[in-house]
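Build out the structure end to end from the sequences listed, making use of the hints.
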Amino acid sequence: MARSLLLIARQAPWSGLAAREALDIVLAGGAFDLPMAMLFLDDGVFQLAAAQQPAAVQQKDLTANLQALQLFGVEELYAAGRSLRERGLAEDALGLPVRLLDDAELTALLDRFDEVITL
Amino acid sequence: MARSLLLIARQAPWSGLAAREALDIVLAGGAFDLPMAMLFLDDGVFQLAAAQQPAAVQQKDLTANLQALQLFGVEELYAAGRSLRERGLAEDALGLPVRLLDDAELTALLDRFDEVITL
Amino acid sequence: MATMKFTLALFSAPTSPASRRALRFAEAALAGGHEIVRIFFYQEGVHGASANLVTPQDEPDLARQWQDFITAHGLDGVVCIAAALRRGVLDGQEARRYARPAANVASGWALSGLGQLHEAVQQSDRLVCFGGP
Amino acid sequence: MATMKFTLALFSAPTSPASRRALRFAEAALAGGHEIVRIFFYQEGVHGASANLVTPQDEPDLARQWQDFITAHGLDGVVCIAAALRRGVLDGQEARRYARPAANVASGWALSGLGQLHEAVQQSDRLVCFGGP
Amino acid sequence: MATLHVLSHSPFADSRLDSCLVLMSVRDGLLLSGDAVYALQPGSAPHAALRTRPAGARLYALEEDVRARALSAGDDVELIDYPRFVELAGEFDRVNSWL
Amino acid sequence: MATLHVLSHSPFADSRLDSCLVLMSVRDGLLLSGDAVYALQPGSAPHAALRTRPAGARLYALEEDVRARALSAGDDVELIDYPRFVELAGEFDRVNSWL
Numbered sequence: 001m002a003r004s005l006l007l008i009a010r011q012a013p014w015s016g017l018a019a020r021e022a023l024d025i026v027l028a029g030g031a032f033d034l035p036m037a038m039l040f041l042d043d044g045v046f047q048l049a050a051a052q053q054p055a056a057v058q059q060k061d062l063t064a065n066l067q068a069l070q071l072f073g074v075e076e077l078y079a080a081g082r083s084l085r086e087r088g089l090a091e092d093a094l095g096l097p098v099r100l101l102d103d104a105e106l107t108a109l110l111d112r113f114d115e116v117i118t119l
Numbered sequence: 120m121a122r123s124l125l126l127i128a129r130q131a132p133w134s135g136l137a138a139r140e141a142l143d144i145v146l147a148g149g150a151f152d153l154p155m156a157m158l159f160l161d162d163g164v165f166q167l168a169a170a171q172q173p174a175a176v177q178q179k180d181l182t183a184n185l186q187a188l189q190l191f192g193v194e195e196l197y198a199a200g201r202s203l204r205e206r207g208l209a210e211d212a213l214g215l216p217v218r219l220l221d222d223a224e225l226t227a228l229l230d231r232f233d234e235v236i237t238l
Numbered sequence: 239m240a241t242m243k244f245t246l247a248l249f250s251a252p253t254s255p256a257s258r259r260a261l262r263f264a265e266a267a268l269a270g271g272h273e274i275v276r277i278f279f280y281q282e283g284v285h286g287a288s289a290n291l292v293t294p295q296d297e298p299d300l301a302r303q304w305q306d307f308i309t310a311h312g313l314d315g316v317v318c319i320a321a322a323l324r325r326g327v328l329d330g331q332e333a334r335r336y337a338r339p340a341a342n343v344a345s346g347w348a349l350s351g352l353g354q355l356h357e358a359v360q361q362s363d364r365l366v367c368f369g370g371p
Numbered sequence: 372m373a374t375m376k377f378t379l380a381l382f383s384a385p386t387s388p389a390s391r392r393a394l395r396f397a398e399a400a401l402a403g404g405h406e407i408v409r410i411f412f413y414q415e416g417v418h419g420a421s422a423n424l425v426t427p428q429d430e431p432d433l434a435r436q437w438q439d440f441i442t443a444h445g446l447d448g449v450v451c452i453a454a455a456l457r458r459g460v461l462d463g464q465e466a467r468r469y470a471r472p473a474a475n476v477a478s479g480w481a482l483s484g485l486g487q488l489h490e491a492v493q494q495s496d497r498l499v500c501f502g503g504p
Numbered sequence: 505m506a507t508l509h510v511l512s513h514s515p516f517a518d519s520r521l522d523s524c525l526v527l528m529s530v531r532d533g534l535l536l537s538g539d540a541v542y543a544l545q546p547g548s549a550p551h552a553a554l555r556t557r558p559a560g561a562r563l564y565a566l567e568e569d570v571r572a573r574a575l576s577a578g579d580d581v582e583l584i585d586y587p588r589f590v591e592l593a594g595e596f597d598r599v600n601s602w603l
Numbered sequence: 604m605a606t607l608h609v610l611s612h613s614p615f616a617d618s619r620l621d622s623c624l625v626l627m628s629v630r631d632g633l634l635l636s637g638d639a640v641y642a643l644q645p646g647s648a649p650h651a652a653l654r655t656r657p658a659g660a661r662l663y664a665l666e667e668d669v670r671a672r673a674l675s676a677g678d679d680v681e682l683i684d685y686p687r688f689v690e691l692a693g694e695f696d697r698v699n700s701w702l
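Protein chains in written order, with the working numbering: chain A, 1 to 119; chain B, 120 to 238; chain C, 239 to 371; chain D, 372 to 504; chain E, 505 to 603; chain F, 604 to 702.
Please note that the accuracy of each hint is not assured.
[Claimed, not checked] Below, a sample of chain F positions facing chain E; criterion: calculated Cβ distance under 8 Å: (1) 616; (2) 617; (3) 618; (4) 695.
[Unchecked claim] Distance condition first, Cα-Cα at most 25 Å in a straight line; then the derived SDA-like pairs of lysine to any residue: (5) 179/B <-> 468/D; (6) 376/D <-> 587/E; (7) 179/B <-> 191/B; (8) 243/C <-> 685/F; (9) 376/D <-> 150/B; (10) 179/B <-> 195/B.
Simulated from the structure, these hints should not be mistaken for lab results.
Being a predicted model, the structure only gives us computed values, none of them experimental.
Note that the Cβ used here is the ideal one computed from N, Cα and C, for glycine as well.
Structural data, given as structure tokens:
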């Protein structure tokens, strides 16, 4: 059976290549039909905010790549409820459908995957 | 009159080139007899701890370069008392003589210099 | 412990202590009789494949140590090509393709895609990542 | 505001938004009639002088933009030589000196020492540093 | 005016904002750029911390970074472009970028 | 055993330790390497935070990093070398490095 991978994205979206390159790992795995999931944690939840305009800082829109995840078969997308609350982000202010997890669910999530990469 | 420079060193000593390269700025300025001072702030105060053994991680000892500051005419060395306290570092655990400043003195220090570099 | 198959991934430049920790871990893994399926260099880690780094003589030359280690043990050292291009780490083929004057990838390294990371993970018991300071 | 003399110092790689902010500041300074005494590239900023960076066509090529900007305005772009050597950014002279295969510094840049930063600061009204993310 | 402090790191991931607020004087300014503009997020700890800055210290934010992140700024924040950034660098006595 | 979490950032400058402690289970381990060993500094907030880890979760620190920084470790910390690090990577089900 294929080994599963959870990618934990902790990086804000427009501060360099970090968020994009983390997402590329997941997209590449999805292209191989591998079991992959993403958890948005800490500043990573800023990737989910609606109505962002990265063109204002001459960056390509990451949101399109995030929305491509489902096309690549990556359907498990999670966000830490704690991280959203700390950042004053409401669930209905998100531009991408994700499942919010409380602390206990976060711990349980990790245990379901063979490997984890936290970026 | 020569323009004066305060370098604020915020980096722990053994986490890459950051602390060394910050110090090199001051040493280079000292070589030109420019009015320079250093403030150790936040994790930068870890540079001052006595009895460190960077050879254990195959790094060159930064302490020798710090002690060279006085030879280069850089005699104003300060540390934020707040940063030491937050890190549980006692003044008598320091390997380099520095003047400890309280918060109000930190604010006043900045105002005495023409330029500041915070690394 | 039973013999393990490791995939290692390095995300930091050779100027970072993380690069040295990854190398020491790799050495200890082989010394312990384990297998290293692949070492994948991503993000700032791609600078480890540059033949251009010049380290002062009295400091460990991590880029050189990585190259020697990989060559000596016949390991599979793969550099993510997309990450390498953005950071100016080019082999002869990419330098020609993009009309750049200088190929700076040291011998022993292969530029390839992220699929190589996933493929290695599928053949391994553990993925161990090194990065940060 | 009276005309100012600026020294700019850049500590981040061209892949960082800080590099773009520094360039936009520099452009605005010249457009506002101010003078830029020198632009000094230190730490990861030295990667801005690499001719090897390959940026995807639909993204701004900051290394190229820096080079064009400095050339177009005849500015003094100085790369710290010690920081550049450690990070594999070499001009022809350094590549020969250290027997490396590839000089990868783009034209328009000078490798020199930290003294060049101090000298510029002494001739300027303001030092403005750019770095971090 | 004294020092224009410039931040670009996320205040949620990093301690620079806290240290900057300790060092600031009433005559200083604080410019949020890059990820530091996330400090404008209402209801967050960094947003509350911003209000502890010395009375009189001015607050600026790079407009393009605020817009990129779909944030909005309160009345106490001056949104600036690069020409204004250059102007501020001259108006203040020195620029302290927290690199 | 479940996840071996590996930290290398300074807990004074960075939020990774706090987030790691939220995610940890009683069967997890935490390995401090690089600047993360500063969390062993007695009397500091990170040192107190370490004690909030789930009961049963083990604590390791890379011995060379502790020695380089002239720190010392309490009885609840196992100081390790690289061969032991390799061993732990096999004993735990997965290794989660906070990059």
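Status of each hint after checking the structure:
For the restraint placing residue 616/F at the interface with chain E, the shortest Cβ-Cβ distance is roughly 5 Å, inside the 8 Å limit, so the hint holds. Interface restraint check: residue 617/F against chain E, minimum CB-CB distance 7 Å, threshold 8 Å, status holds. About 5 Å separates the beta-carbon of residue 618/F from the nearest beta-carbon of chain E, less than 8 Å, and the hint is met. At its closest, the beta carbon of residue 695/F sits 26 Å from a beta carbon of chain E; the interface hint therefore is violated under the 8 Å criterion.
At roughly 24 Å between alpha-carbon atoms, residue 179/B and residue 468/D fall within 25 Å of each other, so this suggested pair holds. In summary, the hint linking residue 376/D to residue 587/E is supported, as the alpha carbons are separated by about 15 Å, within the 25 Å threshold. Between residue 179/B and residue 191/B the CA atoms are separated by roughly 20 Å; this keeps the pair inside 25 Å, and the hint holds. For the given pair, residue 243/C sits about 16 Å from residue 685/F by alpha-carbon distance, which is consistent with the 25 Å threshold.
At most 25 Å may separate the alpha-carbon atoms for a hinted pair to count; residue 376/D and residue 150/B meet this at roughly 24 Å. Taking the CA atoms of residue 179/B and residue 195/B, the gap is near 24 Å; set against the 25 Å cutoff, the hint holds.
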